[in-house]
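Colleague: Chain by chain, the residues run as shown.
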Amino acid sequence: MTATITRPVGPTALVEPLDEPAGLGAVKPRELIIVAESGDLERTWATTILASTAAAGEMKVSIFFTFWGLFALVRPEVRLTGTNWMQRMLAMMNRPGIDHAKLSKLNFAGMGPWMMKKLAKQYGVAEPRELLEMAQALGVRLIPCQMSMDMMGIRADQLIDGVEPAVGAAAALELMTSADASLFI
Amino acid sequence: MTVTSSITKIVDARGLSCPLPIVKTALAIRELASGEVIEVLATDPGSTKDFIAWSKATGHELVESTVDGNVFRYILRKK
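In order, the protein sequence lines correspond to chains A and B. Quick note: the first sequence uses our numbering, first residue 1, plus one each step. Quick note: the second sequence uses our numbering, first residue 1, plus one each step.
So here's chain B without its partners, still in its complex pose (with noise of 0.2 angstroms):
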């Protein structure tokens, strides 16, 4: 099973500026369990190193970054 198959929920950021993309996430990665993945998605050209930092600074973990055109794709695994 891919992660991307995995997907428990969907942040849609998009349109949002900083700080919202990673409080938005905050809030949704609460109700998930641990080990259940998320993806968000942001126009916020901030957010990738934001995500980074986010990832590191609370444990949850950044398993894919990518860039489609102006939109961003975060996918994220609870710790």
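Bound-form chain A, shown alone (with noise of 0.2 angstroms):
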């Protein structure tokens, strides 16, 4: 006996293909956006996890860099960003890059991340680079925000590979009503 499948006809079925990624049974993926505020190093870990495991169990993912959260995406060799000198000396104080995350408590000038990431390393726990580069691959959006590269000097140029156009709030927002899921880190 052959069983007659019945799909769902109509805007639904326009929208979204039915050949897409989707979990059991499910038409539409589940969507989540995480929007990166903070630039602390366990922050970062915490968003770099969930955007890459959630990436692997298919969901659409996209991340709103803004403000502290936007120096993740700063190439590693830029050692300085800004034009003028409270942008550059922002810079100097909060280096740009995501290895260069501090963390909020127990920072002690470097010692606490360096400690950390030993850590990090003995049980096989991945850095946020490597995680971010992960969920890229994995098909995760990265898109800054627009109006804190303006305020902090950051130059499109200066991020790393495969960062989308920036965007404004009200474009973050659409995002974040819209998704399934959305976390503020």
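These are computed hints drawn from the structure, not numbers from a lab. Misleading hints may appear alongside valid ones.
To be verified - Here are the computed lysine-lysine pairs in the DSS-like style, where the Cα-Cα straight-line distance is at most 25 angstroms: (1) K121/A to K24/B; (2) K28/A to K56/B; (3) K79/B to K28/A; (4) K49/B to K24/B; (5) K79/B to K49/B; (6) K49/B to K121/A; (7) K105/A to K117/A; (8) K78/B to K56/B; (9) K79/B to K60/A; (10) K49/B to K60/A; (11) K24/B to K60/A; (12) K79/B to K56/B; (13) K56/B to K9/B; (14) K79/B to K9/B; (15) K60/A to K56/B; (16) K78/B to K28/A; (17) K78/B to K60/A; (18) K56/B to K24/B; (19) K78/B to K9/B; (20) K9/B to K24/B; (21) K24/B to K117/A; (22) K102/A to K118/A; (23) K121/A to K102/A; (24) K117/A to K102/A; (25) K49/B to K9/B; (26) K24/B to K118/A; (27) K121/A to K105/A.
Fit chain to chain and form the complex, with the hints in mind.
Modeller: Laid out in structure tokens, this is it:
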């Protein structure tokens, strides 16, 4: 006996093609948006772990990088960002690049992060940079905040490869309201 | 033909912590064709529940989940 599968017709079927990867029987893949506001090491870790895991679970994932979080997207070789003295001072005190994130507490002038990364290596935990690279390979969208880029004087060419064009708060809110889960980290 | 004899790819995630066993498997399974089988080795005790949840979320079938000493072995078939 052959079973007949009735598929929904109409707008739903048109918006989401049926061959799109989705969970068990689901038509629409689940969506996650993370607002990465903090540049702290432990929070950057949480963001990259959740984003890569969600993407591994075939969720559609976007990360909106704003304020201190934006510094995580700066290329490793860029030492200083900004054009005026205040922006440059900011980058001097808060070194850009995901590898230079500081702990929100127990930082001890870099001793804290050094110990955390040593422990991570010992226990087979990937560093935020590696997790971000894997997240990108799994299709996670990295979206910088235009306002943060302007205010901190960070140019698009100073950001890592694969980052999408910068957007504003309204576009970020649109992503948040249409997602199944949104996190502010 | 048994499932074990048809393994196309092996992911060695031994010594790696959450979420690497899952993330590395997801990256590897993308290169497989539908119906092909992948074997994952892990030592992370949390991975057992993770692979059950991941299989449920993605639809890739968890064919086998075994443990030998401290090594967990998962066989998954791409949907």
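Colleague: For every hint, state whether the structure bears it out.
Modeller: Hints, verified against the model:
In summary, the hint linking K121/A to K24/B is supported, as the alpha carbons are separated by about 17 angstroms, within the 25 angstroms threshold. At roughly 15 angstroms between alpha-carbon atoms, K28/A and K56/B fall within 25 angstroms of each other, so this suggested pair holds. The straight-line distance between the Cα atoms of K79/B and K28/A is roughly 16 angstroms, inside the 25 angstroms bound, and the hint therefore holds. Restraint check for K49/B and K24/B: the C-alpha separation of about 16 angstroms stays at or below 25 angstroms, so the hint holds.
Distance hint between K79/B and K49/B is fulfilled; the C-alpha atoms sit about 19 angstroms from each other, no more than 25 angstroms. Under the criterion of a C-alpha separation no larger than 25 angstroms, the hint pairing K49/B with K121/A is consistent with the structure, at around 23 angstroms. Distance restraint check for K105/A and K117/A: the Cα-Cα separation of roughly 15 angstroms lies within the 25 angstroms cut-off, and the hinted pair is therefore satisfied. Under the criterion of a C-alpha separation no larger than 25 angstroms, the hint pairing K78/B with K56/B is consistent with the structure, at around 12 angstroms.
Pair hint K79/B plus K60/A holds up; C-alpha atoms about 18 angstroms apart against a cutoff of 25 angstroms. Our distance criterion of 25 angstroms between C-alpha atoms is met by K49/B and K60/A, whose separation comes to about 22 angstroms. The straight-line distance between the Cα atoms of K24/B and K60/A is roughly 17 angstroms, inside the 25 angstroms bound, and the hint therefore holds. A hinted pair counts as satisfied when its Cα atoms are at most 25 angstroms apart, and K79/B with K56/B qualifies at roughly 11 angstroms.
Taking the CA atoms of K56/B and K9/B, the gap is near 21 angstroms; set against the 25 angstroms cutoff, the hint holds. The hinted pair formed by K79/B and K9/B meets the criterion: a straight-line CA distance of about 15 angstroms does not exceed 25 angstroms. Annotation: proposed proximity of K60/A to K56/B holds, straight-line Cα distance about 16 angstroms (limit 25 angstroms). Annotation: proposed proximity of K78/B to K28/A holds, straight-line Cα distance about 19 angstroms (limit 25 angstroms).
As the CA atoms of K78/B and K60/A are separated by approximately 19 angstroms, the hinted pair is consistent with the 25 angstroms bound. Using a Cα cut-off of 25 angstroms, the hinted pair K56/B and K24/B holds, with the two alpha carbons roughly 17 angstroms apart. Between K78/B and K9/B the CA atoms are separated by roughly 11 angstroms; this keeps the pair inside 25 angstroms, and the hint holds. For the hint linking K9/B to K24/B, the alpha-carbon distance of about 12 angstroms falls within 25 angstroms, and the restraint holds.
For the proposed pair K24/B and K117/A, the alpha carbon gap of about 20 angstroms is at most 25 angstroms, so the pair holds. Annotation: proposed proximity of K102/A to K118/A holds, straight-line Cα distance about 14 angstroms (limit 25 angstroms). Taken as a hint, the K121/A and K102/A pair is honoured in the structure, with Cα atoms around 17 angstroms apart against an allowance of 25 angstroms. Taking the CA atoms of K117/A and K102/A, the gap is near 11 angstroms; set against the 25 angstroms cutoff, the hint holds.
About 22 angstroms separates the Cα atoms of K49/B and K9/B, which keeps this hinted pair within 25 angstroms; it holds. Restraint check for K24/B and K118/A: satisfied, since their Cα atoms lie roughly 21 angstroms apart, inside the 25 angstroms limit. A hinted pair counts as satisfied when its Cα atoms are at most 25 angstroms apart, and K121/A with K105/A qualifies at roughly 20 angstroms.
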